[in-house]
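Protein chains: 2
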Amino acid sequence: MGARMDLLRSLAQKGTSKMVLLVMDGLGGLPSENGQTELERAYTPNMDEIAAQSECGLLEMVDLGITPGSGPGHLGLFGYDPLEFQIGRGILEALGVGAEVKSGEVCARGNFATWTADGTIADRRAGRISSEKNRQIIDRLRTEISEIEGVRVRFYPGEEHRFVVVFSGEGLSEAVTDADPQKEGLPMKWASPSRPGGEKTADAVNALVRRVRQVLSDEPAANGCLLRGFSGAPLIPGLPELYKINPAAIATYPMYRGLARLVGMEVLDAGRTMEDLFSTLEAHWDAHDFFFIHVKYTDSRGEDGDFRAKREVIEKVDRLIPRLTDLHPDVLVITGDHSTPSQMKGHSWHPVPFLLQSAWCRPDEVLAFGERMVARGIHGRIPASSLMGLMLAHGLRLAKFGA
Amino acid sequence: MGARMDLLRSLAQKGTSKMVLLVMDGLGGLPSENGQTELERAYTPNMDEIAAQSECGLLEMVDLGITPGSGPGHLGLFGYDPLEFQIGRGILEALGVGAEVKSGEVCARGNFATWTADGTIADRRAGRISSEKNRQIIDRLRTEISEIEGVRVRFYPGEEHRFVVVFSGEGLSEAVTDADPQKEGLPMKWASPSRPGGEKTADAVNALVRRVRQVLSDEPAANGCLLRGFSGAPLIPGLPELYKINPAAIATYPMYRGLARLVGMEVLDAGRTMEDLFSTLEAHWDAHDFFFIHVKYTDSRGEDGDFRAKREVIEKVDRLIPRLTDLHPDVLVITGDHSTPSQMKGHSWHPVPFLLQSAWCRPDEVLAFGERMVARGIHGRIPASSLMGLMLAHGLRLAKFGA
Chain A
5 MGARMDLLRS LAQKGTSKMV LLVMDGLGGL PSENGQTELE RAYTPNMDEI AAQSECGLLE
65 MVDLGITPGS GPGHLGLFGY DPLEFQIGRG ILEALGVGAE VKSGEVCARG NFATWTADGT
125 IADRRAGRIS SEKNRQIIDR LRTEISEIEG VRVRFYPGEE HRFVVVFSGE GLSEAVTDAD
185 PQKEGLPMKW ASPSRPGGEK TADAVNALVR RVRQVLSDEP AANGCLLRGF SGAPLIPGLP
245 ELYKINPAAI ATYPMYRGLA RLVGMEVLDA GRTMEDLFST LEAHWDAHDF FFIHVKYTDS
305 RGEDGDFRAK REVIEKVDRL IPRLTDLHPD VLVITGDHST PSQMKGHSWH PVPFLLQSAW
365 CRPDEVLAFG ERMVARGIHG RIPASSLMGL MLAHGLRLAK FGA
Chain B
5 MGARMDLLRS LAQKGTSKMV LLVMDGLGGL PSENGQTELE RAYTPNMDEI AAQSECGLLE
65 MVDLGITPGS GPGHLGLFGY DPLEFQIGRG ILEALGVGAE VKSGEVCARG NFATWTADGT
125 IADRRAGRIS SEKNRQIIDR LRTEISEIEG VRVRFYPGEE HRFVVVFSGE GLSEAVTDAD
185 PQKEGLPMKW ASPSRPGGEK TADAVNALVR RVRQVLSDEP AANGCLLRGF SGAPLIPGLP
245 ELYKINPAAI ATYPMYRGLA RLVGMEVLDA GRTMEDLFST LEAHWDAHDF FFIHVKYTDS
305 RGEDGDFRAK REVIEKVDRL IPRLTDLHPD VLVITGDHST PSQMKGHSWH PVPFLLQSAW
365 CRPDEVLAFG ERMVARGIHG RIPASSLMGL MLAHGLRLAK FGA
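Protein sequence lines correspond, in order, to chains A and B. If you're matching positions, the first sequence starts at 5 in the working numbering and goes up one per residue. If you're matching positions, the second sequence starts at 5 in the working numbering and goes up one per residue.
Worth flagging that the hints you see were computed from the coordinates, not collected in a lab. Wrong hints could be hidden among the right ones.
Said to hold, decoys possible - Calculated pairs, BS3-like style, for lysine-lysine (alpha carbon to alpha carbon, straight line, at most 25 Å):
| # | chain 1 | residue 1 | chain 2 | residue 2 |
| --- | --- | --- | --- | --- |
| 1 | A | K349 | B | K18 |
| 2 | B | K22 | A | K349 |
| 3 | A | K300 | B | K22 |
| 4 | A | K22 | A | K404 |
| 5 | A | K349 | B | K404 |
Stated by the list, open to error - Covered by chain A, according to a simulated footprint, are these stretches of chain B (three or more residues, beta-carbon under 8 Å):
| # | region |
| --- | --- |
| 6 | 6-15 |
| 7 | 367-381 |
| 8 | 384-391 |
Just so you know, even glycine gets a beta-carbon here, dropped at the ideal spot from N, CA and C.
Model the full assembly from the supplied sequences, consistent with the hints where possible.
Following this line, the structure appears as structure tokens:
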């Protein structure tokens with residue numbers, strides 16, 4: 005654990021203040037229309053009014069020039085050094101399909117596949133079976149297999165041919181090679197330990213693949229499976245334990261719900277629409293003191309390369325902001341987890357604008373919420389992992405350091 | 005190796021983008037004429053136009069208040085933490101006379117000197133012999149001495165009485181005191197180990213000084229030598245290995261050529277004039293993806309204390325800029341390796357202005373290239389060693405960090 009996290013933990017104290025972290029995924033952008041970014045161009049009177057009363061700046065999510073994935077982006081916002089706490093792809097995938105993964109468990113990404121009688125892999129995606137068919141098969145597996153070689157297993161369906169397995173038990177390890185020939189027309193390639201300590205898990209993996217093959221032998225296409233990308237849940241100290249808060253997550257997408265669960269947040273039923281996010285916030289306002297609200301569509305429209313649509317998502321969020329401010333949070337932060345400029349159709353390294361409003365602000369000269377306006381804000385550019393401590397400070401949740 | 009360098013190395017990937025780092029040595033200055041610095045005062049329409057489309061800021065070369073030598077200044081620009089990777093003066097001097105020095109070798113600065121028969125040093129500079137005479141003597145030494153006490157030696161002539169020796173072999177060390185009485189009229193002071201491990205090198209050094217004395221005994225003035233400033237070549241991982249780039253250096257002065265070679269750049273024949281630098285760039289444009297161009301004279305005129313002449317060098321570079329921009333580099337950085345304010349006639353600690361232009365910029369409000377304009381740029385002040393990663397990011401050479 006880093007020195008800063010240790011320091012914050014030693015100073016954190018319970019309180020009654022309410023803190024809200026509103027994350028618009030992939031918020032940051034690059035200039036295009038009218039020489040402005042999506043956020044600069046968007047009509048956001050509510051956010052601009054808040055910005056004028058706020059301390060503003062840019063968040064460096066990982067380090068200068070580094071493009072963060074969704075995992076590191078959110079861990080940084082939650083106060084974790086994203087270089088110290090790394091999350092494997094297998095875990096993120098598992099969280100993404102709604103799997104609940106605990107420390108010490110190991111996840112794998114699975115494909116349903118078509119095996120020939122002699123053990124050759126004819127189709128690594130089983131003809132891309134429907135997601136509906138996938139769920140039926142997962143139900144069969146759940147009925148037939150709950151344990152293999154003394155290791156408990158749980159199955160979670162994904163889209164089309166994809167699924168996730170979580171292995172649970174003593175002495176498991178992520179040091180296991182893929183049980184997957186990677187190419188079609190090749191004989192099955194079995195898992196093996198990639199480092200000492202991986203033997204038990206490799207044996208369980210191979211046994212599970214054989215057992216799945218037996219159970220599904222009468223399936224026309226998905227008569228077997230492949231497993232790859234083994235990764236263990238990282239040992240992450242939870243936010244309640246670290247900061248004496250009682251945090252809740254309001255997010256629609258499974259991956260962000262899973263990330264929030266991993267850091268000890270209670271994950272609320274968030275509905276499906278953007279309006280639902282704010283209804284959930286209102287409904288649970290009394291029950292928690294820290295709320296993480298996640299808006300996915302800024303990122304989605306950025307990934308689509310649709311400048312206007314991304315701008316419109318931002319404007320829609322802005323129209324919903326009064327529902328949030330009517331609750332009078334003591335601390336409000338609005339920001340993103342990384343940049344997704346629509347020109348780049350993907351995540352980028354550009355730092356992310358943020359504003360922080362509380363009764364204890366030194367409002368700067370920033371009068372509108374935008375990348376280049378907040379760059380002149382009072383915080384300049386700070387590491388994203390510093391933000392959580394700043395929120396706690398403004399929530400009067402940190403004792404004085406030293407006498 | 006630092007965490008950032010490790011991270012960049014793990015994310016670096018090959019690509020086709022072209023990156024140019026144009027360094028005006030000692031670029032930074034202090035206000036004088038018209039209350040402006042050399043750069044602010046200079047008429048630089050080309051650089052100003054680029055600045056208006058760029059992300060700008062100031063580079064902190066080593067740390068606040070620290071004046072960098074040329075070694076740390078350039079290592080920072082090349083992405084190395086200058087506190088972690090230190091280069092001794094002996095090595096710089098050796099590089100400065102065109103010596104090729106490899107890891108594990110030890111260099112020393114030499115003076116030809118006038119010895120009396122009883123071993124007193126009568127003139128530590130041998131009457132400042134001509135550089136032509138120096139080269140003749142070096143030729144004699146090269147013919148007569150290639151090895152001493154099992155250690156291989158190479159000689160390189162410098163200006164007037166100065167030369168460089170490179171020692172090569174097993175078990176060499178830089179932990180050796182100077183073989184130099186430092187003052188004239190004193191008896192020779194022989195080298196000795198300054199730490200355990202320096203014995204073998206000290207013996208070789210003293211044996212070499214004695215052997216030179218024998219070989220040159222018939223010389224009227226330069227009848228012996230002194231050796232000092234022993235230093236080993238640092239273990240520096242090269243840029244091609246670190247970042248999967250194929251870098252080239254275009255520099256006239258030997259020391260900068262040597263520094264570039266030390267970090268794995270191919271050193272191109274750069275001609276003698278400033279125009280030649282840009283001709284070399286044009287001629288080799290297709291062969292490399294990263295170019296370091298070094299302009300020496302900004303520093304030289306600053307060291308002279310000549311504000312106007314330094315300003316004129318900057319203006320001359322500006323007139324040559326179109327030859328660079330006509331090549332349409334994907335990433336262009338213009339900066340310096342340290343400040344050399346003409347008022348101070350030497351290096352200073354003041355941070356150095358930079359601009360970075362690419363298709364993926366967030367241009368800030370900086371409309372002209374100058375120290376105090378770029379201080380309001382979107383980057384504020386960043387460590388110089390972060391710049392290389394930023395260039396790689398804008399060249400789309402870094403994969404995403406984390407899933």
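How the hints compare with the structure:
1. K349(A) x K18(B): 20 Å, holds
2. K22(B) x K349(A): 21 Å, holds
3. K300(A) x K22(B): 35 Å, violated
4. K22(A) x K404(A): Cα-Cα ~20 Å, so holds.
5. K349(A) x K404(B): 13 Å, holds
6. 6-15: Three-residue rule met by the region 6-15 of chain B, so holds; n is 5.
7. 367-381: holds (count 4)
8. 384-391: holds (count 3)
When the structure is compared with the earlier hints, a violation turns up for hint 3 alone.
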